[in-house]
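S.K.: Below, each chain spelled out in residue letters.
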Amino acid sequence: TQLLEQSPQFLSIQEGENLTVYCNSSSVFSSLQWYRQEPGEGPVLLVTVVTGGEVKKLKRLTFQFGDARKDSSLHITAAQPGDTGLYLCAGARDDKIIFGKGTRLHILP
Amino acid sequence: NAGVMQNPRHLVRRRGQEARLRCSPMKGHSHVYWYRQLPEEGLKFMVYLQKENIIDESGMPKERFSAEFPKEGPSILRIQQVVRGDSAAYFCASSPGLAGGMNEQFFGPGTRLTVL
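The listed protein sequences correspond, in order, to chains A and B.
If you're matching positions, the first sequence starts at 8 in our numbering and goes up one per residue.
If you're matching positions, the second sequence starts at 1069 in our numbering and goes up one per residue.
Only chain B is shown next, with the shape it has when bound in the complex (with noise of 0.2 Å):
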């Protein structure tokens, strides 16, 4: 069972290019989550999608950052006209979105963004 997957594992954009990362979650999961982490720093959230819906997109910033989980394929998280503040790690994690249940998060490996 493969876990979850992010691609690119490393991107660098020019100030003003945009941003496409992908993530695929764990077989089986219907719940998405992005979070961004600056070095030495924990997880900051920023938004919470289930298939073709946003749950929680309070921790996004209200302009240039978007995210989608289509029916099909993978979730992406979008940043455009990208400046240096977007250099980050940005993390997405899984659940089965259990009813009711304990919601374990499981990660992907990351993906470094850094803006030139």
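Isolated chain A (complex conformation) (with noise of 0.2 Å):
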């Protein structure tokens, strides 16, 4: 059983246009945390978000939690090349931390 499903698990759009990605799941976490992990790399944290309904701005990314710490969305305003990776969720809860399998996401220039 996934606990982290992240949606969709693959996107491909033009420059300049604006997405959002989705991780979602039936348990509460007490933090949700973004990564990005380019082809040949570690994973990169972007940002933690700890409390329900937080709203997190990093440059033309927003990140969101949810009210019930369940669910978390990532937008990016005027997508650009650079973007491009794999964008993963991880839940904390307890002493573990769960990922999704991630978003595959490719900006065309």
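There are no misleading hints in this set.
Among the chain A residues that face chain B by a calculated CB cut under 7 Å, a handful are:
1. Glu48
2. Gly49
3. Pro50
4. Leu52
5. Thr55
6. Ile104
7. Phe106
8. Lys108
9. Gly109
Once the Cα atoms are required to be at most 25 Å apart in a straight line, the calculated DSS-like pairs of lysine-lysine come out as:
10. A:Lys64 with A:Lys77
11. A:Lys108 with B:Lys1130
12. A:Lys77 with B:Lys1112
13. A:Lys103 with B:Lys1130
14. A:Lys77 with A:Lys103
15. A:Lys103 with B:Lys1119
16. B:Lys1119 with B:Lys1095
17. A:Lys63 with A:Lys77
18. B:Lys1095 with A:Lys103
19. B:Lys1139 with A:Lys103
20. A:Lys103 with A:Lys63
21. B:Lys1130 with B:Lys1112
22. A:Lys108 with B:Lys1112
23. B:Lys1112 with A:Lys103
Keep in mind the hints are simulated off the structure, nothing from the lab.
Glycine residues also receive a C-beta, built at the ideal position from the N, C-alpha and C atoms.
Take each chain as given, in its own frame, and dock them per the hints.
M.R.: Pasting the structure below:
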């Protein structure tokens, strides 16, 4: 059973478009992290959200934690080719961090 | 402040040989995690260790795989008698292990194991 479902699995859009990817679960998490992984590299932490309803912005990226702390979204405005990568969400519960399978994003120039 | 270090970055082994993967956590971090990633897939948790203790090895295959995090030195993931199916990228992450707090994990660059 996959505790964290990420959607879509794959997304290919034109440069300049907006997009949203989702991370959903039936479980409550004490915090949730988003990572970006580029080919041949390890995941890089983008943000951690802790409070239900919390919104964090990182330049053109907006992260939101659901009110019930079960889900999260990542919205990218005016996507650029440099945004291409695998976006992973990870939920913290008890002493464990559980990863979703990721959304593979490809921005076409 | 150096990040998580992993070596080697690439490792080639023939079937039946042993593979040893090393991970040095970030300075001040006492918790280490190992993950495996197959091409086009997410991260699969293998094992969680603190110094001299295995906390959770629920993701580790029962045979051929072992991990340690000694009092001194790096954490080691050992795979004995490797098979082709062990070919993957193995990532190590570390966290500060703050009690009751969020334990963000910081990843190393990974070791890419190829079994011939």
